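Protein sequences appear in the order of chains F and C. Sequential numbering of the first sequence, starting at 0, is according to numbering that gives the first Met the number 0. Sequential numbering of the second sequence, starting at 0, is according to numbering that gives the first Met the number 0.
If you're looking for bench data, these hints aren't it; they were derived computationally from the structure. All values reported here derive from a predicted model rather than from experimental measurement. There's no promise every hint is true.
Under 10 Å between C-beta atoms, here's a sample of chain F residues computed to sit facing chain C [stated by the list, open to error]:
(1) P9
(2) V13
(3) I20
(4) L24
(5) A30
(6) L47
(7) L56
(8) M60
(9) H61
(10) N74
(11) M75
(12) A82
Backbone N, C-alpha and C fix where the C-beta goes; we use that ideal spot for every residue, glycine too.
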Amino acid sequence: MSTQKQHRFPWNHVIGFILSIALTLLAVFVAFQTDFSSNVVLWIIGSLAIFQALIQLFLFMHITEGKEGPVNVINMIYSVFLALVIVFGSIWVLTSGHAAM
Amino acid sequence: MSSHVETPLEYRSEQSQMNILGFWIFLGAEIVLFSTLFASYFVLEHNTADGPAGQDIFILKDVLIETFLLLTSSFTCGLAIHSMRNHNLKGLLTWIVITLLLGAGFLYMEINEFIHYVHEGATLQTSGFTAGFFTLLGTHGAHVTLGIGWITLLIIQLVKRGITEKTASKFFIASLYWHFLDVVWIFIFTFVYLKGMVM
C-alpha cells in the first residue's frame with residue numbers, strides 16, 4: 000500500500016476550491032466594479048470561466064489519470080472544438096444571415 | 000498518474016477502466032448538448048418581445064449563493080473520492096451526503112428563482128430570451144436532479160456492500176458527472192448571468 004501517497008492531505012482539491020471561489024469573485028468584480036468596455040469585460044470573464052473549467056478538469060476530475068488519460072484529453076479537446084463551432088457558428092450564421100435579408 | 004504505486008480501486012479491472020473511459024466520452028457528448036442550448040440562447044437573448052430582459056430580473060445575490068453552493072458541492076465531492084481512495088467509508092459517506100445536501104440547496108434556490116421570474120412575467124412562452132434561458136437552465140437543473148437521485152441510489156448500494164472495486168468505480172463515475180455539472184454552471188454563471196446583467 001502506498002499509504003504515504005494516498006493518505007496525504009488533499010491539497011489539490013483545497014487549492015482548486017480556493018481558486019474557484021477567488022475566480023468567481025474576480026469575475027463579479029470585473030463585471031460590476033470596473034470601467035472596461037463591455038467587450039473587454041466579456042473577454043476577461045470568459046477567460047476566467049475557461050480557467051475555472053480547467054481547474055475542475057485537472058484538479059477535481061483528474062482528467063490525465065489512468066491508462067486512458069491522453070485519450071480523455073483528446074476527447075475533451077475535440078468536444079470543446081465542436082462546442083465552439085456550434086456556438087460561434089450559430090451566432091455567425093444567424094446574425095449575418097439576418098443582416099443580409 | 001503513473002507515479003501512483005497502487006492503482007486506485009476504481010481502475011483495477013479492465014471493465015472499470017472501460018466504464019470510466021466510456022463515461023468521459025459521454026461527457027464529451029454532454030458538452031455538445033449544452034453547446035447547442037448555449038448557441039440557441041445566445042442567438043435569442045436579445046429578442047425579449049417587450050418582456051423583461053436579463054438585467055430586469057436577475058438578482059446577483061441569489062445567483063452568487065447558487066454558484067457557491069454548487070462550487071462547494073463539487074469540492075466536497077472531490078473530498079469524498081479522496082476518502083474513498085483512502086478506504087475510508089465513513090469519510091466517503093459524510094462528504095457525499097454533504098455534497099447532496101448542497102446540491103439540494105442549489106435546486107431549492109433555483110426553483111425559487113424560477114418562481115420569482117414567473118411572477119415577474121417571464122415564463123417559458125414570454126419571449127425568445129426566456130425560452131432560451133429556461134431551456135438551458137432547466138436542462139442543467141434536470142441534470143442536477145438526476146445526479147442527486149443517482150448518487151442517493153449509489154449510497155444505498157455503498158452502505159450494503161462497502162467500498163469494493165465495483166462500487167468504487169460507480170462512485171468515481173458519478174463524481175465525474177457531478178464535477179461536470181459544476182463546469183456547465185461556471186459557463187451559465189458567466190455567459191448568462193454576468194453577461195446579462197452587465198451588457
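Problem - Violating hint indices (sorted, rising) - result: none
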